[in-house]
Structures are given as structure tokens and as C-alpha cells.
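Residue numbers (my numbering), protein chains in the order written: chain E, 1 to 272; chain L, 1001 to 1272.
Rather than coming from a laboratory, the hints here were simulated on the basis of the structure. Among these hints, one or two may not hold up.
[Unchecked claim] Restricting the straight-line Cα-Cα distance to at most 27 Å, the calculated cross-link-like pairs of lysine-lysine (DSS-like) are: (1) L/Lys1171 - E/Lys93; (2) L/Lys1171 - E/Lys85; (3) L/Lys1033 - E/Lys171; (4) L/Lys1171 - E/Lys171; (5) L/Lys1024 - E/Lys150; (6) L/Lys1171 - E/Lys119; (7) L/Lys1093 - L/Lys1041; (8) E/Lys171 - L/Lys1041; (9) E/Lys171 - L/Lys1044.
Below, each chain spelled out in residue letters.
Number of protein chains: 2
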Amino acid sequence: MCPAEAVQNVDRGWIIPIGGAEDKENDLTILSKFWELSGGKKAKILIIPTASQLADTGPRYVEIFERLGGKAMYIRVDEREDCFKDRIQGKLKRATGIFITGGNQLRLSTILGGTPVAKLIRSLNANGIHVAGTSAGAAIVTEHMIAGGKAGPTPTEDGATMAPGLGLTNKLIVDQHFRQRDRIGRLMTALSYNPFISGIGIDEDTAAFINPQGIFEVVGAGSITVVDPARLTHSSMHDARHRENLTLIGMTVHVLGEGAKYDINTREAFAE
Amino acid sequence: MCPAEAVQNVDRGWIIPIGGAEDKENDLTILSKFWELSGGKKAKILIIPTASQLADTGPRYVEIFERLGGKAMYIRVDEREDCFKDRIQGKLKRATGIFITGGNQLRLSTILGGTPVAKLIRSLNANGIHVAGTSAGAAIVTEHMIAGGKAGPTPTEDGATMAPGLGLTNKLIVDQHFRQRDRIGRLMTALSYNPFISGIGIDEDTAAFINPQGIFEVVGAGSITVVDPARLTHSSMHDARHRENLTLIGMTVHVLGEGAKYDINTREAFAE
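Pulled out of the complex, with its shape left as it was, chain E reads as follows (with noise of 0.2 Å):
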């Protein structure tokens, strides 16, 4: 889906795609940054945890939160006829922040895809909302997501599977766990299919603070590696056999630090 169209001189909400294993025990730096832009005092944040399978994903982030102060709550939202519930959709419009907890992404999209609280997601972000996401959570913000694939630095016939995510927006492809897993192999795999978007590897503990403009910070203890394929002179993908590794000419990579920016419009890259 494209990113749902915004409510005129209404600014889009924050994405905040998230590498998995951010800090929830110390400074809690990026936790406590989402929950800020939230309304801090004064945010209800809402928390998805679809993804995970385990009970006490939900209650877990629900205290880091109120820890911070201000309000915090959860959806149960395990099978599609949850989504159309009036109760789940009510506490959804309430919210001033919404966070996505880590898990599988295909829990994800196959359990709220095309429902309306995939909808209504899309609709309140396009109107101010801000929506941040954890390892699948991260995963599941863009148009089109890495579903599976394969750890290792070579790009391969066989790298990447893709899936259709929320499409909050559709300038990126986000990767997770990025150094920690060795995935850069898969996230050129992703890319090479067609070369129109920018791909961004991002380390646990990092996360890409996006703003409205579409400018994203570095915040975290680890990196993220953006790889922008609008100078590829080839990608082999189309005839490439299977399992094979595959040849692309002409990647242009940035590895941003803390602070770092980048323009997921102009594509381009800023130090700190």
C-alpha cells in the first residue's frame, strides 16, 4: 500500500523503525525518546504485540512505559476477527503513540493485513500519529518487507524473501538485528529485485527516528547501513540460478553513527 493520504496542514507522524534488543533496563535512550515525542507526561502509548507469541510481551513494554510516566496500554489482536472489533479500534483512536513489539512479521501482516486496524494504523500515521516498531515491528512499517532469507554477506539467488507490509511508507526497506545477524548479504538480496528504494540495516539498539519531512536520525548504541541502489548498473537477479550469488554494480553505502541523518527523499546522507 502507499502511506494513507494525511488530513491537510496535519504534519504525518514519526516512523520509528527499531533494530530489536533496544535497552529497556538502563537509560533506556530510545524507549524513552518515542515516548517523548509521544506527549511524555501526557502520552498513551499502544502497544501491539502480534508478533510475539509470548504472553508477556504486551504487559512487559506496558511497564517500561508507565515507568516513564504518563499512560500505557496493550491490544490482544491473535486472530483476524479481532481486528474488527469496535473495542480494539476505539483504544487504537485514543492512542498518541503506537508501538509494535518484535516477534515474526508474517504474524503481522497475515493477522492485521487488509483488516481495519491495518487501516486505521495507516490513517491515524498519515495524521500525526507516531508509530515506532521493534525487530518485526520495524520490519512491518514499510510497503515492502524482508519476510525471511538467509544470514551471510553475499547476496543470493535465494537471499531474501519479500512480503507486502503496512506501507507506512514506501521509500525504504528496513532490515533488523542487522550487525548482530549478518545481514547484509540479505538486505542487497532484497534490493535487487528492483533497484527503486533504499534499503537500511539497522543494529540492535538503534533505531531511525523518521520525521515527517522524511528525514531520518541515528539514535542508539549501534549503527545503521544504508544501501541505495539509484546507481546500480546491474543486478543479476533476472537471470541468476538458483541459490546462486548474485553480481550488482554500483551500490552506493553509508554506515551512519549515532546522529547521523539521512534523506530518505533526496537520499542523501549527513554526519553528525
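Given the structure of chain E, go ahead and fit chain L onto it with the hints provided.
Leaving out everything else, chain L in the frame of chain E:
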């Protein structure tokens, strides 16, 4: 990508995915209807044979459209750098109809994706120029496309691989050679990831003529099978084992013969 924005007060161009193997010898039902829509004797048809690696694909379609009357030409785009040439872009800008041939859809996405040619096709279509594509050329017109997969009636965990297409519409996923290559399992697999979108399986020598309002009519010798997952209550894709058969509960299916219609926005089907 989302469809490009239209200039105000101009109807978008039609989008015409064809299931492959359209009649080229007898009454040319599909090709002549596209030619008429593009101006008939005043038509300037621009053929993009990039998906094919056969040298005579472009000249063959030029010959067919010139037989009907009007003008036709093809462009040679075999590497990404070709897409940056002013001469190629100039030819596109003079077309009243664009025809994308069959071959391998990953040649289209890897060679055209993100280049000025892809952007131009998108903006021309948004501003009234009709775009037809057959086989691989049909797959590429949508935002999410099927890049490959397995034949057979049953959706499976590894039944379809997805990639980003040209994005002229974001309401459909198209599959081609549908009955001839037994692809209903593959189409259902493609929809199982995120059921926000309808799938259409187009038989050979059959086309969906999608008008600017998003209503298509079936034209040609075969049928179009619509799979609408809007009421899906369960997709097992998120916990399927490798190669496992999928469980998909609650799909709506229409089989549409010549003259029947489908509204891709409201998801309603109409008999002739």
C-alpha cells in the same frame, strides 16, 4: 511504489494486463482493442521488449500494430544505462499507448526499476496514457508482483516469490498463463502473506481492461479468476514449515468469463 499522481482533471490511462499468448494471427481481439483505445489510426504504440531476450520480439509487435494501422516502434533497453538516454525517454513521451512484452518479469524490474524509464511510464499512465502488458509485462504493472513460484492447485509455504513491480496499481496482484500453467496455488500463496489485496489469475489470450475508475472487463478467449481475501479469517503463512501446504480460510473466488466485470476498489463482481 504507489501509483504516480495524476494531473487534475485528466483521466488516468487504462491498465491492461494480458495472460500471455494473445492471438496475433486471426482477429487480434485483445491487441486491436488496445490499439483502438490508444487512438486507432492515430495511435503511436511504443513497445518495450526488455523482458524478452529474443531479437525479434520488438519487430514482431511493430509489424502487428502497423498491420492494424497507425504507428508503432520499439525501444531497445537491455541495460540500466539505456534508461538514462534522452532518446529513449523522448520516444516514450510521444506514445499514445505503451505495450510491454512477455519474457521474464525480473528483467523488467531489475533493468527498469527506479530509472527515468520506470518513472516516466508511471507518470504517463497517471496522465492518460494506456499501458498494456502480456505475460511478464502483465505481472510488472502492479506494486507487488509474483516473481516466480510453483505450479499446482495447493498454496504452499514456498509457492510464490514476491518482488516490487512498476506500481501502476496497488489494488491487485496479477498471475498469467493461469489455467494453462495451473497457478491457483501460486496466486493464493502470494495473497497469504498480507491479505489486503485481490489476486487475479488471467488465462492465455485473455485480458483485464482496467478503466480509469478501476473497473475491469474480461476480454478474450479464456477466463479471469479473482481471489479476494478480504474476508479471510486465517492464513497459516506465519507459522508454516518449509514447503508445507498452507491453510487459508474464507477466501472469496469469482471466475469471470468474457464480458464480466470486477471493481478493484469495491471488490464487487458483475456478470455480463
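Going down the list of hints, with the structure as the test:
no.: 1; hint: L/Lys1171 - E/Lys93; result: holds, 26 Å
no.: 2; hint: L/Lys1171 - E/Lys85; result: holds, 25 Å
no.: 3; hint: L/Lys1033 - E/Lys171; result: violated, 36 Å
no.: 4; hint: L/Lys1171 - E/Lys171; result: holds, 19 Å
no.: 5; hint: L/Lys1024 - E/Lys150; result: violated, 44 Å
no.: 6; hint: L/Lys1171 - E/Lys119; result: holds, 14 Å
no.: 7; hint: L/Lys1093 - L/Lys1041; result: holds, 18 Å
no.: 8; hint: E/Lys171 - L/Lys1041; result: violated, 41 Å
no.: 9; hint: E/Lys171 - L/Lys1044; result: violated, 33 Å
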